Amino acid sequence: MNINLTLFGQMVTFAFFVWFCMKFVWPVIIDSMEERQKKIADGLDAADRALRDLELAQSKATDQMKDAKQEAAGIIDQANKRAGQIVDEAKNQARTEGDRIKVAAEAEIEQEMNRAKEELRASVAGLALAGAEKVLEASIDEKANRTLVDKLAAQL
Amino acid sequence: MAGGNPASTTEYIQHHLTNLVYGKLPAGYERTTEQGVEVLQADTWTMAHGGQEATDMGFWAIHVDSMIWSIGLGSLFCWMFLRAAKKAHTGVPAGWLNFVEMIVEFIDGAVKDSFHGRNKMVAPLALTIFVWVFLMNLMDLLPVDLIPTLLMMAGVEYQKIVPSTDPNITLGMALGVFVLMLYYSFKIKGTGFVKELTMHPFNHWGFIPVNLFMETVGLLAKPFSLGLRLFGNMYAGEMIFILIATMFAAGAGAGFVSGGLHAELFGEQTSGYFWLVIFLLVTGVCWLNLKGKVSTGKTVLLCMAFMAIGGGLFALGGGLMQWGWAVFHILVITLQAFIFMVLTVVYLSMAHEDH
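Chains A and B, in that order, give the protein sequences. Sequential numbering of the first sequence, starting at 448, is according to this note's numbering. Sequential numbering of the second sequence, starting at 20, is according to this note's numbering.
These are calculated hints, taken from the structure and not from any lab test. Note that the coordinates shown come from a computational prediction; the quantities given were computed from them, not determined experimentally. Keep in mind that a hint or two might mislead.
Said to hold, decoys possible - Derived list of chain A stretches under chain B, where covered just means 3 residues or more per stretch with a C-beta under 8 Å from a C-beta of chain B: (1) 450-459; (2) 482-492.
Stated by the list, open to error - A few chain B positions that, by computed beta-carbon distances, are all more than 12 Å from chain A: (3) 56; (4) 61; (5) 78; (6) 104; (7) 110; (8) 173; (9) 225; (10) 231; (11) 303; (12) 317; (13) 373.
Idealized CB from N, CA, C, for every residue including glycine.
Produce the entire structure from the sequences given, and follow the hints as far as they go.
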């Protein structure tokens, strides 16, 4: 077991390697590891946040959907009501129109009837006289009978 | 397994425990060479031929093999970790970077557990110690004869490839740690450190000499125990590898080469007995041949078979035992590297703590 210069040679070598490791190896590796650790932690945080955001968005979406449904139901109700209204209006209009037409038609019919009556009245006297002339053959006083027949005709 | 040069077990072991030394032989030193005794005229820096010369060189010598392996392994550590550091990024790590980060995280955890001061040198120091000492210890798992034998063929006489079996190396590192301990003790505590040395454990001025003595011993014991623990463990482990190699290599030689001539010549107990069994079997066959019960051809065959089996069994047994011890030793080398690191951190932590 000779103790000799090797002892100091090893001390110097040791110092050099420790210095080298401290300068070039350790900080680089440990820094990159710490940075990665941070990155991973950030990533996990971000994932958590994203999950929360997702939940929030989902609940928001559900709310919005509910609102939309309500709105849609309201619109449909309104539309239905409006449709009913329109139908009623149309019905009323149709009815009044129909009434109006009926009234007009009735008036026209009345008019026609009156005219026909007039015509009939006009011709009935002649016809009745002609008939009576034929029946009696004999000369009937046209003037005396004319008043009679006119009376009759007026009763028609 | 045994190299060609060392003749007996003792020589083999001694050869394995001798460093390749470069140092100064003093003037007037009588150097024994193949040509005879040569007296040196002046101080000479030279390679030592053998352990005796290495011892005579005294302090002015350097273990070339220890230094080369230690620097080489340290450079390997730096290079490999620098490569990882160059590739370090904040994305998904893969391959070598992954492995390095695993080690770094492990060291970082260990340091954070036992070191509570603020010092950005301690963690890299711990990393260097752990990986470097581990690599130096790892050399122990290479077959004991492999590299020394190869180098001997290349003309290098001695080679110890495990730097941590050299007390110079382990104590050198421990002293480095000691210097740091002293530096930080003074830096952090200042006069408090002096007080710690003089006023503990008996807080009275009359006890200052006693306290100083006790505290100094305690302080000095730290680097020594640190260095010698690693050295002792690795030295013992290496020794066991060598012993297994000698025991079984000799046996293998005994069986294979000369039916026990090797054991006979160099008087080894274990392989001697083993050789005796093989010898009796062989003589028995020969005796039967003389009696005419076995033909000559068969005799030769049987003798060769006994020898080969004897040698092969020993070689196999040696290999198995080397392997078994290596498996245990993996635990030892890792544990020792870890202990060296943890104790360093603990000592530095104590240097940082103000009482």
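Hints versus structure:
Using a Cβ-Cβ cut-off of 8 Å, 9 residues of the segment 450-459 of chain A lie near chain B, which meets the minimum of three, so the contact claim holds. Here's how the segment 482-492 of chain A fares: 3 of its residues keep a CB closer than 8 Å to some CB of chain B, so the rule of at least three is met and the hint holds. Even its closest Cβ contact with chain A, about 23 Å, leaves residue 56 of chain B beyond 12 Å, as expected for a residue assigned away from the interface. For residue 61 of chain B, the shortest C-beta to C-beta distance to chain A comes to about 20 Å, beyond the 12 Å cut-off, and the non-interface label holds.
Not every Cβ of chain A is farther than 12 Å from the Cβ of residue 78 of chain B; the closest lies at roughly 5 Å, contradicting the non-interface assignment. A beta-carbon of chain A is positioned within 12 Å of the beta-carbon of residue 104 of chain B; the least distance is around 4 Å. Not every CB of chain A is more than 12 Å from the CB of residue 110 of chain B (nearest about 8 Å), against its label as outside the interface. Against the 12 Å criterion, residue 173 of chain B stays outside the reach of chain A, whose nearest CB is about 22 Å from its own CB.
No Cβ of chain A approaches the Cβ of residue 225 of chain B within 12 Å, the least distance being about 38 Å, so the stated non-interface status holds. Non-interface call for residue 231 of chain B relative to chain A: holds, since the shortest CB-CB distance, roughly 26 Å, exceeds 12 Å. For residue 303 of chain B, the requirement that its beta carbon stay farther than 12 Å from each beta carbon of chain A is met, with the minimum near 49 Å. For residue 317 of chain B, the non-interface assignment is confirmed: its Cβ lies about 56 Å from the closest Cβ of chain A, beyond the 12 Å cut-off.
Even its closest Cβ contact with chain A, about 24 Å, leaves residue 373 of chain B beyond 12 Å, as expected for a residue assigned away from the interface.
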